[in-house]
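Let the sequences and hints guide you as you build the complete structure.
So you can see what is in the structure, the chains are spelled out below.
There are 2 protein chains.
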Amino acid sequence: MWCVLSGGVGGARFIDGLTSVLPPDEITVIGNTGDDIEFFGLHICPDIDIVLYTILGVVDEEKGWGLKGDTFKAESMLKALGEDQWFHLGDGDLALSLYRTFRLGQGLSLTEVTREIASRLGAGVKILPATDHRIETRVITASGEDIHFEEYFVKRQCRDTVKAIRFDTPGCAVRATATGEVVEAIRSSEGVILAPSNPFVSIGCILAVEPIRDLLRRKDNGPVVAISPIVGGEAIKGPAARMLAELGMEPSALAVAQLYEDFLDGFVMDLKDETLKEPVERLGIRCLLTDTIMRSRDARAALARATLEFARCL
Amino acid sequence: MWCVLSGGVGGARFIDGLTSVLPPDEITVIGNTGDDIEFFGLHICPDIDIVLYTILGVVDEEKGWGLKGDTFKAESMLKALGEDQWFHLGDGDLALSLYRTFRLGQGLSLTEVTREIASRLGAGVKILPATDHRIETRVITASGEDIHFEEYFVKRQCRDTVKAIRFDTPGCAVRATATGEVVEAIRSSEGVILAPSNPFVSIGCILAVEPIRDLLRRKDNGPVVAISPIVGGEAIKGPAARMLAELGMEPSALAVAQLYEDFLDGFVMDLKDETLKEPVERLGIRCLLTDTIMRSRDARAALARATLEFARCL
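Heads up: the sequence lines are chains A and B, in that order.
Note that my numbering has the first sequence beginning at 1, numbered continuously upward.
Note that my numbering has the second sequence beginning at 1, numbered continuously upward.
Please keep in mind that the hints were generated in silico from the structure rather than gathered at the bench.
Take these hints with a grain of salt, some might be off.
Claimed, not checked - Subject to a maximum C-alpha distance of 30 Å in a straight line, what follows is the list of computed DSSO-like cross-link-like pairs (lysine-lysine):
#1 Lys63/B to Lys219/B
#2 Lys68/B to Lys63/A
#3 Lys79/B to Lys155/B
#4 Lys68/A to Lys79/B
#5 Lys155/B to Lys219/B
#6 Lys126/B to Lys68/B
#7 Lys126/B to Lys219/B
#8 Lys163/A to Lys79/A
#9 Lys68/B to Lys79/A
#10 Lys79/A to Lys63/B
#11 Lys63/B to Lys68/A
#12 Lys79/A to Lys79/B
#13 Lys63/A to Lys79/B
#14 Lys79/A to Lys63/A
#15 Lys237/A to Lys126/A
#16 Lys155/A to Lys237/A
#17 Lys63/B to Lys155/B
#18 Lys155/A to Lys79/A
#19 Lys163/B to Lys277/B
#20 Lys63/B to Lys79/B
#21 Lys68/A to Lys163/A
#22 Lys79/B to Lys126/A
#23 Lys63/A to Lys237/A
#24 Lys68/A to Lys219/A
#25 Lys126/B to Lys79/A
#26 Lys68/B to Lys68/A
To be verified - Now the stretches of chain B that chain A is said to cover, found in silico as 3 or more residues with beta-carbon under 8 Å:
#27 37-48
#28 68-74
#29 94-100
#30 115-123
#31 190-204
As the list claims (entries may be wrong) - Interface residues of chain A toward chain B, partial, derived using beta-carbon atoms under 7 Å:
#32 Gly82
#33 Asp91
#34 Leu98
We put the CB at the ideal spot given by N, CA and C, even for glycine.
This is how it looks when you write it as structure tokens:
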């Protein structure tokens, strides 16, 4: 079994590719919950739902999130009620969160509800939230504001300059800890893959959950491989490259490898970044150069296959 | 100002007619909350929403409930999750209840949320739930089952024989009491109209809320007039006629008048029921014979105008 640490769109597409290469029950996704958000009392899990919809083949591919062909009548009603929301949710999408919230209210953990939802919708891949504790990715802007990641990402369209990222555990005095399922999944996996997701806000949030980073550092676990979300100095999607620059790093695949340096065994970079192979290998990290841009479902599968073959040789 | 006690479809159409005859701010609806139901944690108010949608002109006229042109993506998702519900809710309709539930959770009373919703959607008519207490209309079937009215009405399509109706106040040791707003509205009204709604489960539930029936009995309040929902021994909509028969009464407008005998000043019956005028008047209740079937918006207005003129002469 292989573990994949994943954020939203990029990670979801990689996992979708992986399902063409591995039987689904040999894939365990450890999902980011740092951008979970409340919407009129509903518990929304943007990243986990993107993964779920993508592997089920029901995602709106154009937007990358939400359900293909979903309607927005709920949003229209809320707008009519004077609630013009910046966070958008289709009607079917909303119902999934209604169901999740209802079951959480009945006492199920997020892990249990996520398993139930995935199983009922027919996802063969196991999807585990990194933690059942509440954890919130906060963006500190250059002007000193401290805002929810989704506010930075969706409402303000990444227009702010990022000064720092922090992970909050609202209403909780301790740091968020991983569930037993997550610890067991990492321990018993053949290896761990960090999907091409944002290293700060998606993978970063998962790594902030104790003891995930420590588990990856242990050499008795299998290989740990990451796929760079940065290609030729640009993020394939989202604000990762800008964040690197704003946080004082070079916006490059090398900087991503450096962020994971303490535990990474292998790094998958795009062919465009051939010149970075040597500097990455100088960090003691083996490199694979391949086409990492997932333009089609075939490309997703090819990247997953190459990554897996590479990881198995480490 | 006139008060209208109302259930769902029939009452809503009558109130819609009344808005052509009276300025909306001279109409206060006292709505039935006995068929309120929980749906995945959402607080649904079927009757109040039907009234609201009808006066706003956005109701699905064919079904009588829900929003015109609403979609059902949420229902599809819940079905995909294995939750095949007998209670149907369109996406926009669901969002209204999501908003209501969210605001109730923030500490607003049902009266306050209902006022807020009506005002935000632009309803000029004041809509008051009869009570802020939870009250539930229960149907006792011939086989001894004790079920929620909506289960009898929607799920079982009124197939059971009704042995009794009772009003439960779940989780509450006392009887449901009317809000101050309701008491004040009845006291300060020019008169009270009982809409052509089911006398047992809609009007009956409102009358079960203390001290509404007592207020109607007081002769120092204005006239109290009811419109018969039974025409020629048949209910225009819903199970009222069957209920009368199953509860051992004659399914006729006369039986409805008898149910209200202790406080009724005037009774509006359809022309088809001319022969019942004398028996009703023998109860000390004045009668108006008119066309009570609201086939068109003009017919709604005509019935409202006739009822109001009649009530004003009492």
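*Quick one: which hint numbers does this structure break? Sort them smallest to largest.*
1, 5, 8, 21, 24, 31
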